[in-house]
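Student: Residue numbers (my numbering), protein chains in the order written: chain A, 1 to 353; chain B, 354 to 692; chain C, 693 to 1221.
Be careful, since some hints might not be right.
Taking beta-carbon pairs under 8 Å as the criterion, some of the chain A residues facing chain C (in silico) [to be verified]:
(1) PHE58
(2) PRO82
(3) ALA95
The following label-pair restraints were derived from C-beta to C-beta distances [said to hold, decoys possible]:
(4) C:PRO831 <-> B:LYS543: 34 to 42 Å
(5) B:GLU503 <-> C:VAL830: 25 to 33 Å
(6) B:ALA684 <-> C:HIS753: 26 to 34 Å
(7) C:ALA804 <-> A:HIS140: 19 to 27 Å
(8) B:LYS620 <-> C:LEU1207: 26 to 34 Å
(9) C:ALA804 <-> A:ARG159: 49 to 57 Å
Away from chain B, derived, C-beta distances all over 12 Å, residues of chain C [claimed, not checked]:
(10) VAL994
(11) PHE1083
(12) THR1192
Think of the hints as simulated: they come from the structure by calculation, not from any bench. For each residue, glycine too, the CB sits at the ideal point set by N, CA and C.
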Amino acid sequence: MNDRDMNELEVRRVVKAYGSGAPVLDGLDFAVPGGALAAVLGPSGCGKTTLLRVIAGFLKADAGTVTVAGRLLGGPGVHLPPERRRIGIVPQEGALFPHLSVARNVAFGLSDLDRSARRVRVGEMLDLVGLPGYGDRMPHELSGGQQQRVALARALAPRPHLVLLDEPFSALDSGLRGAVRAEVRAALRESGATGLLVTHDQQEALSTADVVAVLRDGRVAQCATPEELYHRPVDPWLASFVGDAVLVPGTADKDVATTVLGRIPLAAAPAGRREGLVLLRPEQLRLAEPEAADAEGVVTDVRFFGHDALVTVTVVGLDEPVDIRTTTPLRVEQGQTVGVRLTGEATLHPRTA
Amino acid sequence: MRRPLARTLTALTAAVLLTPLLAACGSDEPADLVIYSGRNENLVKPLIEKLEKHLGANVEVRYGDSAELSAQLLEEGDKTEAGLFLSQDAGALGALSKEQRLAPLPRATLDKVDAAYRGSAGDWAGVSGRVRVLGYNPDQVPTPPNSVHELVKPEWKGKIGFVPTNASFQAFVTGMRVLEGDDATRTWLKGLKANEPKAYENNLKVLEAVDKGEVSLGLINHYYWYEQAAEKGADKLKAKVHYLPKGDPGGLVNVAGVGILKGADKKQAAFAQKAVDYFLSAEAQTYFAQETKEYPLAAGVKTAEGVPPLETLQPPKIDLGRLASLKETLALLQDVGLV
Amino acid sequence: MTAPERSAPARRDPRPAGAQAPAGRGRAVGRPSLILIAPAVLAAALAVLPLGYLGVRALEHGPAFAWDVIADSRTGELLLRSLGLTAVVVAACLLIGISLAWLTVRTALPGARAWSVLVTLPLAVPSYVTAFTWLSAVPSLAGFTGSATALTLASFPYVYLPVAAALRGTDPGHEEVARSLGHGPLRTFLRVTLPQLRPAAAGGGLLVALYVLSDFGAVSLMRYDTFTRGIYTSYRASFDRTPAAALSAVLVVMTVLLVAAETRTRGRGGYARTGTGTARRAVPAALGRLKPLALAWCGAVVALAVGFPLATLGYWLAAGTSATWDPATLTTTALTTLGVAAAGAALTALLALPVGVIAARHRGGLAHLLEQAAYAGHAVPGITVALALVFFAVRYARPLYQETPLLICAYAVLFLPVAVAATRAAVLQAPPVLDDVARSLGRTPLGVLREVTLPLAAPGVAAGAALTFVVCMKELPATLLLRPTGMDTLATRLWTETGTGSFAAAAPYAAALILLAAVPSYLLGRHRT
């Protein structure tokens, strides 16, 4: 599809404050390539929902611009009302219109089409979300996951340039969540629409989105692919926010860092920095026989998750114990002396960050 | 549960659409004369029908409370649709007269009524009178007292029935204030209160209570007794009425009257004038005498059978216009704690 | 275990704590649209018409005269008496309304469904009929006790209805948590349930308070002197409109204060559930040994408020052999009553719609002002509102004067708050997020209103209309002055017949009024059960 490249969301220097308080969005910048599913991730109160409402047009930004598919929707002197933005939204818990059937919910945004075209489009959309034949049901007759999928079908039906998903999975049972997430992602892909998922759940962001923007204090702290964000976070806060982090002091020599746990290549050049905190992920630490390892420690705690486990090891020469993710079945127990080895690449950060 | 209410809403809307039809049923031809009547529809409707025949005109009547209608007429001013005001009491007519809302009546009309029963400005005339009387149970009271002043004696403790909220009772108290002064009236009311009189909702209930012997005496208007006597037969009625002699304030005569409103067009004013003359005619006066057992005030019409003629009574002499000072009466009643 | 999860999304509020968000989540952008404001302003303007009239009349003889009336010691005394009566009636209505709502909604009361309908039926009985029947049975009730009794029995459904609705809407999860923390049912009710019912109870209490302040029929029959009776006395005793207007102005001030007090109890919380599914039904609390007591309580209230007046009317009907009444007149009168009451309810509901929507969906000065305006004239006695409409209609709308449309307008002015309260509550129940979704799907704010908000609020709006319908049917003072000449409603007929003391003749009209008003009351009782 050609318009894939056109469907691009661009948010530039957006500022939004409520009343005279500190701005909630403080010069926020980011962009989503056409057809991609991006996630906006951030802790409570970081401005995620405000950003979503500014993009959708429910709030007017104090400054900055919002452009979708090359069309300026909001900016100095411009504020298109929500109904003219062609942006679909999928709110928490779906928010289906309780007084309308599934078919009429999906057809709600199709008032431009004639009757038969509308029926065809509703059928297509219900097929897309895997609910063919559900048109006559009422929303309260559907499960939470089904409601969520109908909400997506409703948002996609008028072929919007962009679909905003506001924590759409948070109300679902954890067992159901993964499956619905996958279905929604597949349906979005198939429709070719650009998606923006707002969430506070890093697992969800990393596993669902093509691009993840982490919001902090009204700005984008980092916008990157899930993998890059996980492995090359720009600072330790981000590292801890998107996953478990192990931070150990180290020194850099060219693109290799040296720590108490051993030497490890750096993913990015240290830019002249000679020493600081080396960021590792628990799965980069491997348990080994003490004699074959670079460092040695004592197991002080074991947390078992089923598919893997976190082993806490107090290492000689480190103030803090480190976590090591290891596959199961476990071969260690508390109090045992173990060796530690490093794999993969690390990043180096200043101590004060 | 949504559907029945949606249906209700539809039904409501349908009803709205029907309203004009309903309203249309009410009045199809324009009225030649509009009367505002403070007198109850049940009492005067037959008379109004006779009036229509007499005038050969379409008469419309708006019934209401006399005082409220007079307030309405004052608000309407010269834009009123009404040609005639038929009031239950002199006070409401006096209020309109004071604001110069009533047109002067011709001498010939006024002269049909005794000067005591018409407006001093010559702009309203009484059409029927009612007399305050004592209803009594002869089994308990062989000889009823001749003055309300006796009612404060201890012998009547718990034996008197009255209607403190009734306009006629209040007019009587006003009359006493006019005749004997506020202080004397206050003393009398305090004495009455000390005698623990029984309060009823209306005169009819008082009469019933007297009849049953619940109370020995009742302060009522005369016609209640005669109406009951006509309905049930005088011999079946234990209670009797006693007219108070010698200008006793308890024997006050109050009137219902009519006035023509200023602002009516000539055609209506002419009908209104004819209507006033009709109300003072033998036919209408007979109606009041026979049907409502009131006192006819004009045309030499006799009272109903058994009702003593007005000339034989000795009511207190009082300017009915002064009965409008009801406000002070109410304040007095409230102070004493009777209402 | 579901309760904490349930409440979690609600706490994830995007607004920084304490920030006054003029257009936060779920609020439309900026000011309400002009299409909504214009009719709302029109409704508010109609509602404040009586105030304009009061101003003209009260100041007719100069401000000094008006002040003398207001500053009179008797005025203060009457006001205190009115406020005392209001306080007692509101307290009694809260006690009866909340206890009945809890018993019928949240407990295993035998026949709960039937009771929930029965306890709304007192709405159908005009307070003057209640007062009249009580007075004729127990004359010694006259005075404060009788007034308070009659007004309480006639108006507690104003509290019962919103509180029962709120009880059905609140999440039983909170109560379950409280029970699990060792609170007994009563303590749970007092500490967890009751605080959640506060806005609904306060709204109902406000309507009761305004009703008591403006009532004339019951207090006049019961011979208890109140402020409103003072106003009527001013018309009837001194034929003077100026003191009446000055006193009415005091009532307006009282109303504004009461409405402001009620607004405070609403707090900043919303009522709309975040979820779109239906709330889980609570497991009805077992009454145990209290069951006979609970049944006796419900039975006593229904017997006193409905059974007793009906029995009295039945007695009069049976005893009144001498009275003649004409079935044709009764039918015509009943139809007329239904017609004007339905039209009044429809117009009132229509005018209340924009005001209620703005009050529910927007905050700030304008929304507050519009809502206040709708209430302003509500405590002013019917006679004063009627005279105000007389004043304006003869001057500026002569063709409408003493025609059905003006009477309908009077009903709208008198009962706008009843419908506004219902509309506002109904719109609050529709989650605002649905508005957002509809906007994103191409609807203008007006389209959202038409296709989403109103269909969802329709049951509540209809309930408000039904309630208005009932109160219009019972209305007397304004109907007397403003009806087309020659037209009769059941209430005016009742007034005529009792005016000549013919209770037997009045009884059919009273019975017809109660029976007809019982139909919408019945629907209200079934609403959301």
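Student: Return the numbers of the hints above that this structure violates; sort them in rising order.
Tutor: Hint check: 4, 6, 8, 11, 12 fail, others pass.
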